[in-house]
Amino acid sequence: MSNLPVLPVALPMAAGIALIFLRNSPSLSRAVALVANLIVLVLAAQLVETVRIDGVQVLNFGEWPAPFGIVFAVDMLSALMVLVTMVVSSATLLFATVSLDDARERTFFYPLFQFLLVGVNGSFLTGDLFNLFVWFEVLLISSYGLLALGSERYQLQETFKYLVINALSSTLFLIGVALIYSLTGTLNMADIAVKFPQISDKGSAGAVAIVFMLVFGIKGALFPVYQWLPRAYFAPPAVISGLFGGLLTKVGVYALYRVTSLFFVGNVNFVLPVLSFIAGATMLFGVLGALSQFDMKRVLSYHIISQIGYMIMGLAIFTPLALAGGVFYIIHHILVKTALFLVAGAVEATRGTTHLKRLGGIVDTSPVLTGLFFVAGLALAGAPPLSGFVAKFMLMQGGLEQHFYIMVGASVVTGFLTLFSMMKIFRYAFWSPEQVPFSGRGGHATRLVSITILVGLGIVLGLGAGFAMPYATIAAEQLIDPSAYIAAVLGSQAR
Amino acid sequence: MIARSVILTTCARIAYPVLLLFAVALYWRGHNAPGGGFIAGLLTAAAIALRFIAHGRRDRSGASAPFITAIGVGLAIALTTAFGSLAFGHAFFTHTFGHFHLPLIGDVELATAALFDLGVYIVVVGNVITVVSAMTDREPGED
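If you read the protein sequences in the order shown, they are chains L and Y. Under the working numbering, think of the first position of the first sequence as 1, with each following residue one higher. Under the working numbering, think of the first position of the second sequence as 496, with each following residue one higher.
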């Protein structure tokens with residue numbers, strides 16, 4: 001038994017605790033946080049390779065055997081999510097060290113950041129349904145703190161709404177967990193996967209599916225429950241909304257992938273058709289929302305919603321090709337979307353606003369930033385040869401093979417509208433002459449470095465798709481046939 | 496300065512040590528019976544809060560800082576016990592226990608899980624007092 005699966009949770013927690021004591025020394029905090037992040041990044045890469053070579057990794061906490069104890073079960077999807085989490089969080093942290101004001105740095109930004117990672121990684125790694133609820137709470141409580149940090153009036157107002165809607169969805173989550181427990185008598189996800197088909201009351205099984213779709217729909221900002229997202233993500237500084245926009249909704253998407261593939265496919269026959277409708281509607285409504293906005297951060301926030309539609313599209317089609325496309329899309333999206341938010345953050349830091357009508361001429365003052373935005377925007381819209389193209393191509397091919405013509409049509413329209421809205425930002429903020437005379441400082445080079453890392457990875461994922469694809473394919477195969485996951489968790493009883 | 500209630504201060508003076516002792520008892524029996532670090536921490540915090548209400552706080556400025564540090568200490572203790580099992584080649588969070596003969600008390604079961612619970616206890620006390628201080632660190636009429 002290896003303890004590797006727990007380290008992406010335990011080490012950020014240790015770092016977070018250390019950072020509580022170091023809160024009055026921002027320079028030391030920065031160093032400790034960055035070093036801890038990089039160590040966990042290396043461990044996460046090692047975890048991905050271990051899963052690729054040795055298959056699903058399981059850790060029984062306290063050596064209590066499954067299904068009685070709590071397990072961490074790591075398949076390829078979990079490992080990839082942890083790896084990409086550590087990549088974007090390291091880049092965001094680097095960006096934060098030069099962007100945050102002193103007050104925010106001293107009021108627990110770094111501890112909260114690490115505890116957020118504890119919650120996110122824990123959600124990806126756990127193999128226990130109730131434990132998943134607990135990790136969700138850990139990440140949510142940290143996110144409340146990060147959203148409210150700075151205590152500006154608009155922030156507090158939006159944080160409160162965010163808190164209320166998440167408390168509601170967490171309550172529903174708990175109700176769903178209780179329902180599943182009453183039907184199957186277990187909370188271990190692999191064990192539930194074995195017992196779910198044996199539930200005689202099909203109506204209750206359907207109710208469980210509805211509750212979980214609603215819960216993870218709210219957390220992942222799916223149609224029709226996405227309205228909380230754009231305002232909440234507009235409120236905090238761009239470095240925090242970048243981390244949230246890249247990561248947090250994807251935890252909901254991940255959980256939906258997990259419960260749908262383990263419990264519902266084959267047992268509750270309305271789940272996939274409903275998800276395909278939701279996927280199409282999420283794409284279209286999200287992108288239409290983006291078109292009506294005239295602020296960089298708000299446009300980007302609405303695009304998060306529309307792109308979550310693509311991820312759900314992969315899940316709804318549920319073939320190896322489409323699921324691999326969906327997994328690829330999630331990873332591409334986390335990298336590129338965070339990069340775009342960080343560009344917005346760099347603009348905000350130098351110009352003091354992200355409103356398109358008050359910006360302009362950034363191409364003259366910082367051509368590098370303009371280039372980074374251009375590439376990231378094209379990647380988001382799905383232009384070849386960037387990462388978004390590969391992911392969308394796989395999703396559309398998978399959809400056409402299974403005759404999902406309406407959904408594929410919706411995704412094509414969404415792609416064009418995304419390109420349009422990226423070009424709108426580009427034209428107003430970067431390309432057009434200055435609307436308000438700007439006599440400011442240049443940007444900070446460290447910011448450009450962190451954005452370049454993310455955009456560069458987006459390019460590498462696109463050009464090197466042949467190298468990255470086997471990982472996504474393994475993840476997709478494990479989702480379609482969870483028998484290896486189940487055997488790895490429950491087989492350890494014998495040990 | 497708010498006028499203090501004589502009844503409240505007198506009761507609080509008597510109740511405070513009783514509550515603390517009861518918290519220790521709860522913590523001690525918590526391993527195999529209802530109780531434990533969480534509930535003992537809540538009770539201790541309630542006792543401290545009662546003293547705040549009855550006697551007021553002498554020094555208001557920055558008084559919650561040590562309690563925030565206490566949260567960190569408690570978390571560190573709890574996490575260290577979880578990591579401890581790694582040093583012996585066991586899975587994360589594996590606990591052990593043994594029977595020891597202590598002078599005066601006799602045969603006692605001591606478990607490493609109790610150390611984890613101690614961490615929980617400190618976190619709960621630190622947390623609740625920080626929240627209580629945040630809500631009470633205001634003069635009347637101060638906005």
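Since the hints were made in silico from the structure, they are not lab data. Built from N, CA and C at the ideal position, the CB exists for glycine as well. Watch out, some of these pointers could steer you wrong.
[Unchecked claim] Which bits of chain Y does chain L cover? Going by a derived footprint, with three or more residues having C-beta under 8 Å, they are:
1) 561 to 569
2) 582 to 593
[To be verified] Here are some, though not all, of the chain L residues that point toward chain Y, as calculated from beta-carbon distances under 7 Å:
3) Val6
4) Thr50
5) Ile53
6) Gln57
7) Phe61
8) Gly62
9) Phe133
Comparing the hints with the structure gives:
Figure legend: the segment 561 to 569 of chain Y, annotated as covered by chain L; annotation consistent (4 residues with Cβ-Cβ distances under 8 Å, at least 3 required). Counting residues of the segment 582 to 593 of chain Y whose C-beta lies closer than 8 Å to any C-beta of chain L gives 6; at least three are required, and the coverage claim holds. Hint status for valine 6(L) relative to chain Y: holds, with the closest Cβ pair at about 4 Å, below 7 Å. Nearest Cβ of chain Y to the Cβ of threonine 50(L): about 16 Å, over the 7 Å cut. The hint is violated.
At a threshold of 7 Å, the smallest CB-CB gap from isoleucine 53(L) to chain Y is about 21 Å, leaving the interface hint violated. The criterion of a C-beta within 7 Å of any C-beta in chain Y is not met by glutamine 57(L), whose closest approach is roughly 12 Å, and the hint is violated. Hint status for phenylalanine 61(L): holds, given a least beta-carbon distance of 4 Å to chain Y, under 7 Å. Satisfaction of the interface hint for glycine 62(L) is found here, the shortest Cβ-Cβ separation to chain Y being roughly 4 Å, below the 7 Å cut-off.
Annotation: phenylalanine 133(L) was flagged as interfacial toward chain Y, and the flag is violated, the nearest CB pair being 18 Å apart, outside 7 Å.
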